[in-house]
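Asks: Each chain, letter by letter, is given below.
There are 2 protein chains.
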Amino acid sequence: MYKLIALENGLENVQGFFCGATNVGMRTNPANSGPSDVDGDVAFIRSEIPCDVSALFTSNTFQAAPIGHFKRYPKDFKTDFVLINAKNANAMTGERGIEDIDTILSTLSSKCSVTNPVMASTGVIGYRLPIDRIASAFDTLDFSSKDSHKTARAIMTTDSFKKELAYKVELQNGESFTIAGICKGAGMINPAMATMLCFVTTDADIPKSDMDELLTLSTEASFNRISVDGDTSTNDTVMLLANKKSGNYNKEAFSDTMNKLLFELAMMILKDGEGANKLVAFEVKGAKSEEDAKKASMALSNSLLVKTALFGEDPNWGRIASTIGASGIDCDDSRLTIHYDDLLIYSDAFRELDQAREKKAYEIMKQEQFTVTCNIGLGEASYTSYGCDLSYEYVKINAEYRT
Amino acid sequence: MYKLIALENGLENVQGFFCGATNVGMRTNPANSGPSDVDGDVAFIRSEIPCDVSALFTSNTFQAAPIGHFKRYPKDFKTDFVLINAKNANAMTGERGIEDIDTILSTLSSKCSVTNPVMASTGVIGYRLPIDRIASAFDTLDFSSKDSHKTARAIMTTDSFKKELAYKVELQNGESFTIAGICKGAGMINPAMATMLCFVTTDADIPKSDMDELLTLSTEASFNRISVDGDTSTNDTVMLLANKKSGNYNKEAFSDTMNKLLFELAMMILKDGEGANKLVAFEVKGAKSEEDAKKASMALSNSLLVKTALFGEDPNWGRIASTIGASGIDCDDSRLTIHYDDLLIYSDAFRELDQAREKKAYEIMKQEQFTVTCNIGLGEASYTSYGCDLSYEYVKINAEYRT
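Protein chains in written order, with the working numbering: chain A, 1 to 403; chain B, 1 to 403.
I should point out that these hints are in silico values taken from the structure, not numbers from a laboratory.
No residue lacks a Cβ here, since even glycine has one placed at the ideal position from N, Cα and C.
Among the clues, some could well be false.
Said to hold, decoys possible - Part of the chain B face toward chain A, derived, beta carbon under 8 Å: (1) N60; (2) T234; (3) S322; (4) S334; (5) T337; (6) L353; (7) Q355; (8) E358.
Start from the sequences and build out the full structure, keeping to the hints where you can.
Replies: Printed below as a string of structure tokens:
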């Protein structure tokens, strides 16, 4: 048993961590730089003392230079500094991309005492980092600031709002610890993590082995279940930094809280899905295997025809059924049922949508959030993924992104 | 050696076949019924004498009722009549959907002498066919007409133009035969065939075993390589009808000509891809295996980020590279090269797009048709698929389709 307290704001709640951002002029085109009042493009997260760090990276074979740089440190290294830039992914830049990071971080070390600093980048693929411009950030950054808002905003790309959360966990013995996180991401969001960066800080006294285990589980239940467009980026990163300063820890409480934090951040990304207006849970149950359930659920959250029907608020269950049939799982149309929230809209006995039910379905679809439940009727396995609609705005954002 | 002659129009060129269409009022909403002047919704293709028939159907587990009905005939049955309707897919209608076809076709047999008639449907999933309305077509259809235009138009859904072609093959010995085809399809177009109907008629004296073999090969090289949106419908059908009336046949000539005919029809579908303006060939070569080449090529023609970049005419090779990396094939960014037509836009030595080259790339992308070639640099295998851009119009068509 423990008590969970939601805190205002984000990373500044965790003792021993600092964060902040500055503007070095990389957002030259305001149209594709997030909200017009974003004035940061280089951010940092710093700890008073070196932290254990666990990180999960994109499944894309072409991992960006910051990931390659991170992986050059020895296993179980400690770090006290994460530098993050927007507008340039430093991806597909080869060995030179990694050298550029070394150059920037060695300049950093002349301005601020750091141990094994790491970097994360988001933005356009295929351009080398503007080294001098980014290094100029070190002249204006206040390394003792605790400005989570500004940090969360500076890492945004097509995001329309910043994403930060913090929780305090009070254990029964009176001890407590804190977990906080920020993330960015709106497009290119896919089962296999997606163009997203997420940084979680904690003062819990968590063993490194638990960090690795729990970060994997939390990510599988959150970021790995959302899809905006089925594309997987070169830069995806989820990083957990633990400075252990509280001296307190409880595995169950930490696990529950990180699950909650990452799930909520993931839902923020989905709500901010490029041009998206609706958040839909695709629950597939009664499947023969979890693999089948996952395959069908992911097919639904990735289908263009389903996404456009959601946008059009068209209670066309035919597209749901067709997508399940096309997913290649074991299924039988006489065993299948489909619900929108609690409304049955398809079963063998009831294949045609009458007007009354269609009207009810339409009311459900008008909501900002609802659940599509498909019961395959052949087994016990289930899986839920989360998707959004596809609007004109998605096309606009992605046709114009780099121009 | 043989001489290939492109003929005007379509199915009327093949001796012994009749075709036509009528309007029974199923296109109640002109907005989603193809061009406003489409006045047919029920069509037929008929042969004087029973034909051998080969057919390939959707890979969707939930195959529509007309497919279930077709499969109830004994293997190697002969047919002389195909009835086709638009606006209602007769899919997910269960056993009753097949009974409805029996009812309609038994009415047909009281109006016209038919042998083993079959049916094909396209339109919305999940509604039973209006039996009486469709059967009323038999009062006005002229079963001796040869109106391929009208037939090709009556089967359109979101298509913006009719698709028909015909070729005459003159063999060296002076003998000749004819092959003709019509098809429909614009959305839901996917590797695994897609919402498309294609009917090919021939008077060639082709053995049934060659029909099966060559239809499979031609379909694999055409309809199975195009993608508009990565969704696979419940109704996809490619059907070859051979009445053998010419008495002439040459396997190589027939094979070449059917390959050409189906490829050209497939490209028509892609050019008519819902809201699409560009036709792009995604050639992947130098892959370790054909499976890898196909996987990467299909990932490119299905990627939303690639499609929207095509629409935006953004020479952003980063999205091409990222999609290859995300496809899961064996690849290495230092071995990869990317060309737009003949223009090298990415290689290890040349990772950053300079302005001159970006301008040239932009000129290439402005074309209605071009090729993206990715050389993986690890082997000899290659595969080409064909895709199109994704525009606002796609979202509009699919958000409003059923309303």
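Asks: Each hint needs a verdict: does it hold in this structure or not?
Replies: Here's how the hints hold up against the structure:
Nearest Cβ of chain A to the Cβ of B:N60: about 4 Å, under the 8 Å cut. The hint holds. For the restraint placing B:T234 at the interface with chain A, the shortest Cβ-Cβ distance is roughly 5 Å, inside the 8 Å limit, so the hint holds. The interface hint given for B:S322 is met, as the beta carbon of that residue sits about 5 Å from the closest beta carbon of chain A, less than 8 Å. Annotation: B:S334 was flagged as interfacial toward chain A, and the flag holds, the nearest CB pair being 6 Å apart, inside 8 Å.
Interface restraint check: B:T337 against chain A, minimum CB-CB distance 12 Å, threshold 8 Å, status violated. For B:L353, the interface hint holds, since its Cβ comes within 8 Å of a Cβ in chain A; the closest pair sits about 6 Å apart. Interface hint at B:Q355: violated, since its Cβ lies 12 Å from the closest Cβ of chain A, which is beyond the 8 Å cut-off. A hinted interface residue such as B:E358 counts as satisfied when its beta carbon comes closer than 8 Å to some beta carbon of chain A; here the least separation is about 10 Å, so the hint is violated.
Violation of the numbered hints given earlier is confined to hints 5, 7 and 8; the remaining hints are satisfied by the structure.
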